[in-house]
Amino acid sequence: MTARPQDAPVLEIRGICKTFPGVRALDEVSFNVGKGEVHAIVGENGAGKSTLMKVLAGLHAPDGGKLVYNGQEQSFTSPLDARLKGILLVHQELSLSPELSVAENIYLGAWPTNRVGVLRKKKLHEDARAALQALGSDINPMTRVGELSIARQQMVEIARAQAFNANVVIFDEPTASLADTEKAQLFKTILELKERGRSILYISHKMDEIFAITDRITVLRDGKYQGTETTAETDIDKITRMMIGRDLDAYFHRAKSAPGAEVLRVEKMCSSDFSDVSLSVHAGEVLGLYGLIGAGRSEVAESLFGMRQIRSGTLYWHGEETPFPKPRQAIEMGISLVPESRKEQGLVLGMNGRENTTLPHLSAYAQAGVMVHSREMQTYREYVDLLDIRTSGPDQLVATLSGGNQQKFVLAKWLCGHPKLIILDEPTRGIDIGSKSAIHKFIAGLAEQGLAVIVISSEMPEILGVSHRVAVMSEGKIVAEFTGADQTEENLIAAVSERRNVEAPEEGSAERPPVDARAVMGGQG
Amino acid sequence: MTAMLGASRSSAHLPRVTNWLLRNHIWIFLAIAIALFSFASPFFLTLNNLGNVLTQAAFIGILAIGMTMVMINGEIDLSVGATLALANALAIGLQGVIGVWPAVFCGLLAGAGLGFLNGSIIVLSGMHSFVVTLGALIGIRGLVFVYTGENALMVEDFSYTEYADISWGPLSLTALIFLGLALFFQWILAWTRHGREAYSVGDNINAAFDAGINIKRHKIINFTICGALAAVAGILLSMRLGTAEPNAGKIWELWTIIAVVLGGTRLQGGFGNMWMTIGGVLTLAVLRNGLRLLNTPNYVELMVMGAFLILALLLDRFISLRMAK
Chain A
1 MTARPQDAPV LEIRGICKTF PGVRALDEVS FNVGKGEVHA IVGENGAGKS
51 TLMKVLAGLH APDGGKLVYN GQEQSFTSPL DARLKGILLV HQELSLSPEL
101 SVAENIYLGA WPTNRVGVLR KKKLHEDARA ALQALGSDIN PMTRVGELSI
151 ARQQMVEIAR AQAFNANVVI FDEPTASLAD TEKAQLFKTI LELKERGRSI
201 LYISHKMDEI FAITDRITVL RDGKYQGTET TAETDIDKIT RMMIGRDLDA
251 YFHRAKSAPG AEVLRVEKMC SSDFSDVSLS VHAGEVLGLY GLIGAGRSEV
301 AESLFGMRQI RSGTLYWHGE ETPFPKPRQA IEMGISLVPE SRKEQGLVLG
351 MNGRENTTLP HLSAYAQAGV MVHSREMQTY REYVDLLDIR TSGPDQLVAT
401 LSGGNQQKFV LAKWLCGHPK LIILDEPTRG IDIGSKSAIH KFIAGLAEQG
451 LAVIVISSEM PEILGVSHRV AVMSEGKIVA EFTGADQTEE NLIAAVSERR
501 NVEAPEEGSA ERPPVDARAV MGGQG
Chain B
1 MTAMLGASRS SAHLPRVTNW LLRNHIWIFL AIAIALFSFA SPFFLTLNNL
51 GNVLTQAAFI GILAIGMTMV MINGEIDLSV GATLALANAL AIGLQGVIGV
101 WPAVFCGLLA GAGLGFLNGS IIVLSGMHSF VVTLGALIGI RGLVFVYTGE
151 NALMVEDFSY TEYADISWGP LSLTALIFLG LALFFQWILA WTRHGREAYS
201 VGDNINAAFD AGINIKRHKI INFTICGALA AVAGILLSMR LGTAEPNAGK
251 IWELWTIIAV VLGGTRLQGG FGNMWMTIGG VLTLAVLRNG LRLLNTPNYV
301 ELMVMGAFLI LALLLDRFIS LRMAK
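Protein sequence lines, in the order shown, are assigned to chains A and B.
Under full-length UniProt numbering, the first residue of the first sequence carries the number 1, and numbering increases by one thereafter.
Under full-length UniProt numbering, the first residue of the second sequence carries the number 1, and numbering increases by one thereafter.
Any given hint could turn out to be false.
[As the list claims (entries may be wrong)] Quick list of in silico lysine-lysine cross-link-like pairs, DSSO-like style, CA-CA up to 27 angstroms:
hint : chain 1 : residue 1 : chain 2 : residue 2
1    : A       : Lys343    : A       : Lys54
2    : A       : Lys268    : A       : Lys238
3    : A       : Lys85     : B       : Lys216
4    : A       : Lys85     : A       : Lys122
5    : A       : Lys183    : A       : Lys206
6    : B       : Lys250    : A       : Lys54
7    : B       : Lys216    : A       : Lys121
8    : A       : Lys441    : A       : Lys256
9    : A       : Lys420    : A       : Lys326
[Said to hold, decoys possible] Some chain A residues judged to face chain B by a derived CB distance under 7 angstroms, without partners named:
hint : residue
10   : Pro79
11   : Glu104
12   : Leu108
13   : Trp111
14   : Met351
Worth flagging that the hints you see were computed from the coordinates, not collected in a lab.
Positions of the beta carbon are idealized from the N, C-alpha and C atoms, including for glycine.
The following block holds chain B by itself, in its conformation from the complex (with noise of 0.2 angstroms):
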């Protein structure tokens, strides 16, 4: 946010870089990640292997983009996961009916119309987020299996995948789309009407009210974009595997969760914005694929990761009383 804004958001007592270092410190942790495990494989630092992080990072960052809008009105959406599962199979399984793009369309419109559906759920039964969307998250993926038959749906048509190998030199498509949506959110954030609404609506409630902000209004909006993102992740990633697995997506949603949290945006909303969202996504996917390249096993990759997220939220805590002071 600093750095689209100037210093806008900068405490007066610290230097523009050092304030921006504190207020996006995930990308520190990324850095000291990235230089631990240049030292610890010779495959890491490859452009190649970049490229393939940037790709296995983007599912999960495409969900952790609308995860931070939501997160900073102060909600949460746990149903990114399972609204990626009905996508993925609506986009497999429709393109034999209807054809590919209609298929993928209506992938789409599953998820913003589930979005909407959570969203207007809450903000019209003032329910919490985390019941209605826990409650959406068991749901739809019931749904999906439905619809699946329980088996993994196949594509029909080969050609289909082939979107996936689309690329811009290390970059793929899936990649592409991540950033540019990134940045195009961050953008909403810093500079429009709708973005200023979404922190203050976390910010202070009240506030928001008194000023006529039309609250319920932008909170469903909100969860519509979460639903459609998923959506979205749920296409691309039906055109990276070519088949719909009723399992697709199992528990990302806490995945994405951490890396926003991660990120450092504000579980009780108000604070947050991409550039902490990407951080904390890349460092995610950092951690996941040095590991890999360290044949870690698979069950010890999980420990490692648990204890660095604590670290990371604790170290976070720390530098935040820090600035407090």
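For reference, chain A alone in the conformation it holds in the complex (with noise of 0.2 angstroms):
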């Protein structure tokens, strides 16, 4: 696991810097990575690390500093440039060419052909092949890159590395669209490219992942080094002191409010993404909802809020048999959906922070359909206010806020309708710790003013951490549910697993979470 960093520096980064306009992104970053070695950048959201990354990918240029590259001072002058001289990035969001096939995305740009441009598809396929077969993948290079899943188009991106034979591979949050097993994959293609000698620089928020693969971590905050540790030698504490420059007294905030009357109930509610789903949420209650990506956790979200069709199933709102809404009706009863993806459905990103607030209560700011500006402008001021939102102005567009601030105009957009129940999926997902962490004490206060609260969470500790009751969905059912003392991390996994291997030997009865949903609804506190 350890290497040996002062050996061999493959790249040394010397008081790198570069500035935006009216940002100083990067100041003065030092640091160096070693063969063989996994390498960890963390920092808080604009801590620098997505420009780090992209200046040693060529995608910028630096201000100041100096890259030095097996020995050699470099400046890359595009993303080719970086990617022929050995230093490869793998996006967040894939740069593949879904129409293409794998072994020409692979190879995107660097076809081989023969000297008039006609490919050389043989030798296409065959060098494609085994880059794939060296990284243990058994993707066909003649399949559509569209007809992959997420995991195996990342695989199809990291098997550049090996056909272009790359020193350096810089993975960007590798994780954020995986399922479990598929980020043990990955884990294990990343430590078989470390094997082969060649470096990683790891950047996530996931702490779990960074302890679990890395060698050493490095912290940046507000675009300056903090400094480098070794994995082994320390520990998540410290870490994030360094991230915050404080320390973190309470990480998560439960709500300290006693669940009052019923809410919302639904019983046996069926359709093509999930089947027989009973829930219930209560007045000043957090319900966790947790389970795997695919689990159906979002679809049960967009259903109670009347985005998907439902087959069958009774819903009871304040405990009177109610049809399941539509959209337009369900933010009339009061239900608020803070989707899982701000920029595709939260957040309309040509418009300003005012008129996305105001968007799903037009009616209530307009005066026989024309609308009421100062009645608009008091809602924004308030939840600006409310909510410490860091924007320019009421007319600045959403579109250049940063992530978080997105994410807390999408809470105004639907805390101004003053809803009874709101669903939060996966609230704090891509966001710093510093910010989660006020967002999980905001969570506690709409529960403490006697909101009725779902959130969505892939993030176990996050899970257990805010609500007062967590059900566990597995492959369309909710398999479990857990309050007080049962509400364990060893219990959630044990309730994943189990709907996962329905052959596997039970585990002693005793230890068993309680698998009907209603068994445990009354006690709850």
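Assemble the dimeric complex from its two separately framed chains, guided by the hints.
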């Protein structure tokens, strides 16, 4: 596991600076990366990680400082230049052409051709197959990339490292959209690359991953280098302190309110994505919905908000049987859904913050169909203050805001309708620890004000930290529900894996989590 | 594409033939249209008539080849009809001055040059090709009117029009050139670096940029090809008609776009090929020819064709939604 980074630094970063209008994104950053080392770069959002990666991959030219690569000073003129010299970036949003084949994508832009530009397809396919096999992948190089799963598409990008014989491979949040088994496969591949003497730069927010696979950790804060730690000799608390520059006294916040009257209950809700889902949530309560990606959590949330077709089931709203709503009716009833992808579902990027905030409630801000500006501005100001949104003014387009501030506008948009039930789907995805903590505190505050809250998350510490009660979903079913002392990491893992291997022998029944959701419904507290 | 590549683009769960038909479903439409008209009119399914259909299809067809290249890039060229008219006018108008072949060459050069200009303005300014080529459409048409003096130009030496009569069995020279060009550009798309670049640029432009593809140069080349092919169509038209109307090729850009989209090439780019485009062009031509043989009044013909196009595209959408599942 431990490399000898002092032996031969493959890449030395010496005093790199990069300034964008108004922002010093990188300020004299220096560190080095050894041969065969997995090196994590961590920092809060806006700390400069992405900028640093883009400088290394040839997308940005630095304003100052030096890159010493294999003992020689280098400057990369383009991503292709960096790639040909042996530095490859595996993008978070994959850099592939879905309509081209796997082989064509691996060699994108550098296809083997004869002198007049006719493709040598046989060589292309053979080389691609060799690169994939070297990494232990069985992907057919002739398959169209659009037909592959995200994990396999990522593998295609990683195969470029083999194909171009890259010495340094940079991973930018590679596990953001992978399921657990796929993550394990990715880590295996990363270790495979390391075995072959390649160096890995690994950017992630996820501390468990970083501590699992990296040799050293470099921390950035506000564009400045904070230090490099050997992973085996440090711990999460120390890294976190370096990242935020202070102690995180309370990382998670659970609402102190006691659950009140039932707000929503569904029984035996079925659709094409899930079956027999029964759950309830009470005023002042945070219900966690845990499960792996693809378990059907988001689909349940979208169904409660009326975005999906329901086959059967009953819905009780404040104890009364109510037909499943359409989104407009859901908004009127007081259900809000803060969706998983803020850019695709949460915000209209071409509108400003004020317009986004009032969008679902326009009739409340209009007189005979004409917008009343003053009312809109009042709401806007109220929520900018409440949520501490950093913006240059009501006319700033949300597309130009940072991820954290965008997320706050999504919250503002759904809160200003004064909902009774708010569903938050992965509210902290891609957000740094500091902002995460603020959002957790905020969720607790909502429950304390008497709202019913459903939080969907793939991060176990988060779901355990904020919820009064956790329902676990797996393969379209609710498989378990936990409260109080039963709400532990071990139980959640057991609930998820049990469903996955139905044939597996049962563990001692005393330790088995309660499987019937309603059996524990009364016993929360 | 699949036919040329073996089965490299097939979905794993479908048999090769089914998959090819789903991706090239325009050929099913074409077969149905041919079957229907064969029953409805005794004149339709004759060698002579089918040869005519192909010749009539060839002009839109040659425009559609260039349009397919540009559209796979995710761009569009609305100026092809006007460029065709300009090449047509130059080929005839300059004959008396500089001779037949130099005049033809000038027509070609004008087409390629205007395509190059379109492409350069688009990639250097970053404006959308829809806007730039819309301007070009109007401007070039104006140029044609100025050059022709608002009158139809006549060819002086009628032996020029005899080239149009060259044929190989039922296939006219025009039709042969169309098919030859279509096959050539299909080969370019499937087998050359330029072809791979075309899909890559249209499909994911960021990935193409990261991969070091010279996107600007690539797009300029395709606009130049598109302009040059429009000129080829214009010159073939001048041989066929022997005259150059300033209004020649009016709204042909729309028929061209319809033929390409009907074939299945994606307006947003990244997907399409010449087999699809040939299918789209032929379907359009068969429809038109069949309706004429049935003595459909001119405006009713337009109504029927409009309705058919929307139906065909609806079905296309339905099929692609089913395939996505």
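Each hint tested on the structure:
Distance check on the hinted pair: Lys343/A and Lys54/A sit about 22 angstroms apart at the alpha-carbon level, within 27 angstroms; holds. A threshold of 27 angstroms between alpha carbons decides the hint, and for Lys268/A with Lys238/A the separation of about 47 angstroms lies outside it, so the pair is violated. Between the alpha carbons of Lys85/A and Lys216/B the distance comes to roughly 24 angstroms, so the proposed pair stays at or under 27 angstroms and holds. Only pairs whose Cα atoms come within 27 angstroms are accepted, and Lys85/A paired with Lys122/A is accepted, the gap being roughly 25 angstroms.
Distance restraint check for Lys183/A and Lys206/A: the Cα-Cα separation of roughly 12 angstroms lies within the 27 angstroms cut-off, and the hinted pair is therefore satisfied. Using a Cα cut-off of 27 angstroms, the hinted pair Lys250/B and Lys54/A is violated, with the two alpha carbons roughly 49 angstroms apart. Between Lys216/B and Lys121/A the CA atoms are separated by roughly 26 angstroms; this keeps the pair inside 27 angstroms, and the hint holds. At roughly 11 angstroms between alpha-carbon atoms, Lys441/A and Lys256/A fall within 27 angstroms of each other, so this suggested pair holds.
Between the alpha carbons of Lys420/A and Lys326/A the distance comes to roughly 16 angstroms, so the proposed pair stays at or under 27 angstroms and holds. Of the supplied interface hints, the one on Pro79/A holds, with its beta-carbon coming within about 4 angstroms of a beta-carbon of chain B, less than 7 angstroms. For Glu104/A, the interface hint holds, since its Cβ comes within 7 angstroms of a Cβ in chain B; the closest pair sits about 6 angstroms apart. At a threshold of 7 angstroms, the smallest CB-CB gap from Leu108/A to chain B is about 4 angstroms, leaving the interface hint in force.
Given the 7 angstroms rule on beta carbons, the hint for Trp111/A holds: about 6 angstroms separates it from the nearest Cβ of chain B. The closest approach between the C-beta of Met351/A and any C-beta of chain B is roughly 21 angstroms, which is over the 7 angstroms cut-off, so the hint fails.
In the structure shown, a violation is registered for the earlier hints numbered 2, 6 and 14, in ascending order.
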